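Next come the chains, spelled out residue by residue.
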Amino acid sequence: MSQATQEATSIRAAIGDIAGERNRLVAEADQQAATMLTEGRARIAAEVAELEARGDAEIAASRSRSSDELRGEISVLASQAAQRAVSASLNASAQQELIENFINSVGAAR
Amino acid sequence: MSESRIEGYARALVEIAEAEGNLAVVENELFRLARALEQSENLRSTLTDESIPAARRQAVVEALIGGTATNTTTQLVGLIIGAGRGRDLPAIVDKVVKRASSAQNKDLAEVRTAVALTPEQESRLAAALEKATGKKVNLKVVVDPSVLGGVVATVGDSVIDGSVRTRLDQVKSRL
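Residue numbers (our numbering), protein chains in the order written: chain X, 1 to 110; chain A, 1 to 175.
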């Protein structure tokens, strides 16, 4: 095998490792986000219920508007509620935990 | 400003800092100032407002960083502002940081976090990124509240995103 071929093989293997590692880190980050969202779920549920009630009222009052438009507004409101709930749960301790998890995950990459 | 002119300024700054024997310190101070400039509309508009005399803008730089940065950094920033290139300062500094990293045989690792890291965390994160990438890194941390939580690390073309912002964006797109 020529040196160039060996180098190309080595580079392809490294790229494969990086892609695999990135997928693993994203999966771990997803798991962290899921845990965080679980903690705020009760709060979100109440807010979402309120939003749904407001959405229902708005739907009743605005039948002439398209359902797509309404769904879009509801999803924006729901995502804002999710952001508020997550932001509220991000105290100093949670911030440090996220940072430490990231450092440990990246450090365990190879 | 053209790319070649930005390169020219960056090269000049690196050579001056090397001649003064404090390139690592100067590039770090320049990096922090450039990120502050990006994040503060007030600061940006003051330092790039051509209607404000250059001497006054240089005085603002002196007042802003004179007490905390090296004399070399203060003089270099004053030079750029005085030449009416304040708008290009972040781009020039980015080139300086890349050149300084190359001079140390390191890759630039730009890390964004919602809260500041301790020096010990910065040290462990640099070591972790070096282990993951197999390269020596020149770690630069930017405190960016839009990250919300976690860390986004960019090393060369690789982005390792462990931020709450991105997770929320994914939730938003699913909604």
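Worth double-checking, as some hints may not be accurate.
As the list claims (entries may be wrong) - Stretches of chain X that chain A covers, calculated by requiring three or more beta carbons in the stretch to come under 8 Å of a beta carbon on chain A:
| no. | segment |
| --- | --- |
| 1 | 26 to 33 |
| 2 | 49 to 55 |
| 3 | 70 to 79 |
Claimed, not checked - Here are a few chain X residues that face chain A, going by a calculated C-beta distance under 10 Å:
| no. | residue |
| --- | --- |
| 4 | Gly16 |
| 5 | Thr38 |
| 6 | Ala42 |
| 7 | Ala46 |
| 8 | Ile59 |
| 9 | Ser62 |
| 10 | Leu90 |
| 11 | Ile99 |
| 12 | Glu100 |
| 13 | Asn104 |
| 14 | Val106 |
| 15 | Ala108 |
To be verified - Over the 10 Å line for every Cβ pair with chain X, so calculated as not near, a few chain A residues:
| no. | residue |
| --- | --- |
| 16 | Glu38 |
| 17 | Ile52 |
| 18 | Asn105 |
| 19 | Lys106 |
| 20 | Arg124 |
| 21 | Thr133 |
| 22 | Asp161 |
| 23 | Ser163 |
| 24 | Gln170 |
| 25 | Lys172 |
Simulated from the structure, these hints should not be mistaken for laboratory data.
The structure presented is a predicted model; accordingly, all values stated were derived computationally and were not measured.
Even glycine gets a Cβ: it sits at the ideal position worked out from N, Cα and C.
Any hints from earlier that this structure breaks? Give me their numbers in increasing order, please. Violated hints (numbers, rising): 2, 4, 5, 6, 7, 8, 9, 20, 21, 22, 23, 24 and 25; every other hint is consistent with the structure.
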